[in-house]
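Undergrad: The lines below spell out each chain.
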Amino acid sequence: MSSRDQILKSIRNQVVASVDHPGLAGDWIRYDDRVAHFATVLTAVGGAAHVVDSAEEITAELSRVPAFAHASKIVSLCDQISGNVDFDAIDDPHALEDVDFAVLPAQFAVAENGAVWVDDAAVKHRVIYFIPQHLSFIVRSPTHVADAIVDNMHQAYERISLGEPQFGTFVSGPSKTADIEQSLVIGAHGARSLNVFFLRQ
Amino acid sequence: MKTAEHPEQASKFVANDQRAHWHDQALWFVREKRDRMAVSLPEWEQLRSAASQIKLHTVSRLADYLEQFEQNATKLGAVVHWARDSEEHNQIVLSLLQKAGAKQVVKSKSMLTEECHLNPFLEAQGIEVVDTDLGERIVQLRKETPSHIVLPAIHIKKEEVSETFHEHLQTEAGNNDPNYLTEAARNHLREKFLAADVGITGVNFAIAETGGLVVCTNEGNADLGVSLPKMHIACMGIEKLVPHAADLSVFLRLLARSATGQPITTYSSHFHGPSPGSELHIILVDNGRSNLMGSEQFRNSLKCIRCGACMNTCPVYRRSGGHSYGTTVPGPIGSILAPSRDSKAHKSLPFACTLCGSCTDVCPVKIDLHHELLEWRGEIHRRGQLPMSKTVPMKLTSWMMRSPWLFRWVGAIGKFCLRHLPRWAIYHGLNPWGKQREMPESPQQSFRQLYQIHESKKASDE
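First to last, the protein sequences are chains A and B. Under the working numbering, read the first sequence as residues 336 to 536, first letter to last. Under the working numbering, read the second sequence as residues 9 to 470, first letter to last.
Calculated lysine to any residue pairs in the SDA-like style (CA-CA distance at most 25 angstroms, straight line):
| id | chain 1 | residue 1 | chain 2 | residue 2 |
| --- | --- | --- | --- | --- |
| 1 | B | K374 | A | V350 |
| 2 | B | K200 | A | G522 |
| 3 | B | K352 | B | M396 |
| 4 | A | K344 | B | D350 |
| 5 | B | K151 | B | E123 |
No wet-lab data here; the hints were simulated from the structure.
Same shape as in the complex, but just chain A (with noise of 0.2 angstroms):
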């Protein structure tokens, strides 16, 4: 018998009695103002959050800051931003290892917990989330702000559709470790510094 059908009988041989899925439906926690939440949370994780206008006030925040302003390699996925590498064009990710700063759209955030959701469906190289030195991400927002903000992790799922080949995870803040007697330290592996910007457009 193969280790398999070996696990399966031994699972099925034991007898565990039957329970109920319990449902998700719940007073889930919701925010007056999802906006400030948002912000409020993605500032103590050691983010940023940005509420702009047009592309020219996200082109003034960067500028505002020194990783953009210094970088020699940036990537930008976002049309209202220019990069200056030819991100389609590479094959090889690791090609990427030196890029400064990645500009990225996010399909939506979470007021809970300061996260973002991103997926690689139209993302080449799913290694651009990890391996740039600073990270900002944009979402975009057709009315009000609020509306690319979601609650809850609850009404999070009920946005996104897995079970496609894909690639997608939640960020929150820049990358961290507190791995040395409790000191948080920002920047251990990935981004040093993550900004978010809604974009009313």
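Here the structure of chain A is known, so what remains is to put chain B in place on it, guided by the hints.
TA: For chain B alone, kept in the frame of chain A given last:
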């Protein structure tokens, strides 16, 4: 395998009083952060109940869900492997690495691969395995094992990290700044990520409905580790399954809040199939888990999501250090899981517990930890694995307590001794209660005497 008893191992840790207090404080700090997060959500208890029931539901239909997961993962282009035990798991990993011609492997945190002793196995085959979680890397360079499942290097001081890095990564001697040391590790590990042939990760959750898996880290090391090489091997215990993607909402809300007091881990990555041109292999490992399912008393321990909250709150763990447990998973949950594999080798662990119940209170999936620990004590006794040092005093105590006059008499002698004997006659090797603590002050009157006075007073008042 002969494992040293918990009290012996713990005595080495508590010999350094200052360090034991420092360890206690560090973990209590994490426990307090967890508390702040728990009260930030009014629905906390509702989430715990939901998580507990989802896990029980999954266990009650595990075979079906595993088949469903396999089918969906395969549809997405992943290859699913099954391993009955740790040897088979290690062999599967090795054969995949050989097929890929891999010499250098980067690995993110995985308690399962620790449980299977994968690193020494692969190293013996000439393969370099680099742990990429900073805490794990520190421990690996020091040739130690993790002492905590979420904070692997919680027992190590920054001065020691500095010495280790000076030796292995040529950092400045005596520079103990965590920022400087982390930067050195970042640069060192980036080289490893870029040179790796294969990336290995653990799995926090796998989804039956979609065939995907979720890996949570704060550093992004799992993601960097698997998005550069052409092969990702994900190793998971069969209990990591949840039925639906939407169930993750419950678990991702609980995991990081319970573990480190963060609202969510920095990266919660959902892998559905390999990236184009790459391979994704998923190894489903039993290694004793299916046996645990059949046990009414201990089945609950399969709900564990490895957040470490029970360790952070445990007064014994905090004061005795993770290594004193001599197991991959230490603390309250480890003291339940280890005897279920080998109760003889780990018979002292269920006794490394004050039955205070704090672990049960903080457990995000409502495992009845202290009840299971008490249950294990009885089980170890029934299996005849208790040492005489425990069985004889228990028998004597039981005999004494069955006789009221004897109980009174021994109690009176005890009180007299505590009050009048010289220190050396009370505090010595035969009285473990007097180690590192003062015996209680002996009261003038026993409870029985107080009660009698009270009753006679009541009678005379009437």
